[in-house]
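**Student:** Based on these hints, arrange chain C on the given structure of chain Z.
Protein sequences appear in the order of chains Z and C.
Read in order, the letters of the first sequence are residues 1 to 191 in this note's numbering.
Read in order, the letters of the second sequence are residues 1001 to 1156 in this note's numbering.
A hint or two may mislead.
What the hints assert, rightly or not - Pairs of lysine-lysine, BS3-like flavour, derived with a Cα cap of 27 angstroms:
1) C:Lys1092 with C:Lys1140
2) C:Lys1092 with Z:Lys143
3) C:Lys1135 with Z:Lys143
4) Z:Lys170 with C:Lys1092
5) C:Lys1056 with Z:Lys143
6) C:Lys1121 with Z:Lys64
7) Z:Lys34 with Z:Lys4
8) Z:Lys170 with Z:Lys106
Because the hints were derived from the structure by calculation, they are not lab data.
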Amino acid sequence: MARKTPEINSSSTADMAFILLCFFLMTTTMDQDKGLQRRLPPMPDPNQKAQDQKVNRRNIIVVKINSADRLLAGTEPMDVSQLKDKIKEFLSNPANDPNLPEKEEKEIEGFGPCMVSKGVISLQNDRGTSYQAYIAVQNELVKAVNELRDEFAIANFGKLYIKCNEDEQKVVREAVPQNISEAEPKDVSKK
Amino acid sequence: MSKFKQKGKRTVPNPPSGSLSDIVFMLLFFFMVTTTMRETESKVQVKLPEASEIAKLERKDLTSYINIGTPTRNLQAQFGTESRIQLNDSFKTTAEIRDFIAAERDAMSEADRSFMTVAIKADENTRMGIVTDVKQELRKCSALKIMYTARKPADK
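With the rest of the complex left out, here is chain Z:
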């Protein structure tokens, strides 16, 4: 007669699983890291003289933040809330103002020729600037670029930038570049 192996009592597996579950419930952290992504410029070669000084005056807007978190965009002091519109005007240059950055016709792969602004935003800060103000300004700059990208995407693809597929996003990114340069640190207060 074949001897039957007794079944393992499985009524306590639920309890064991509960204990494990409680452990993972306690230790789990669901937070996701989010933030503003940036690319730092590579360190200049000490043997090489600075060459990119030739960038046309009209193509650069200098945004300065001093140690009291006050903001200077171009030549005029302003509030953080005004910065976005200023940057948008600077980058889009709707009236082809000779004081605002020039545009260059550029062939974009998969799209065709397109007028691309050559504007560069240069961000300078003091050592005493608070990080909060710095991030607020960075955020406004990104917001300005994002809104321009959305406008471009709606005009050409009929939808928002995030709703576009990968190729379309690439086209938009090339048409509206995010040229934010974080300048070499210098003391703004001394000037």
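**Tutor:** Just chain C now, with coordinates in the frame of chain Z:
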């Protein structure tokens, strides 16, 4: 007689508990998969600044963290209230960032090294001087992809 006999004895049947363990196991697997163990103990107080245009971090495993802020209260007697840089588990100076980045880079596979991101977690009241020093140091060791960690504004 038998008509009345049944009356007092009716009880609610137990719900079947055989599948209970399966349900619990499913929950368990969910939490096991989503869990991330906290690797380092935070020694600085960091209240992240607010920013609305934030993007998600793509590869968490390719990210190194640099925490900047004032030491937590129980460490203030020892380290003061000046902003400090925390790498891994201890306070470091800006000069030591280079070794930290080199070590982090060595731990990654060859193909992933170019995607390495450095997340700067700085307190909102930090002065930019220390952040600038960190950025310069990162530029020197060519860890150019950085992220300023921020949080979404609460009122949205």
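**Student:** The structure should be examined with respect to each hint, and the outcome stated for every one.
**Tutor:** Evaluated hints:
1. C:Lys1092 with C:Lys1140: Holds: lysine 1092 of chain C and lysine 1140 of chain C sit about 17 angstroms apart, inside 27 angstroms.
2. C:Lys1092 with Z:Lys143: Violated, at roughly 34 angstroms.
3. C:Lys1135 with Z:Lys143: holds (23 angstroms)
4. Z:Lys170 with C:Lys1092: violated (40 angstroms)
5. C:Lys1056 with Z:Lys143: holds (16 angstroms)
6. C:Lys1121 with Z:Lys64: holds (23 angstroms)
7. Z:Lys34 with Z:Lys4: violated (58 angstroms)
8. Z:Lys170 with Z:Lys106: holds (14 angstroms)
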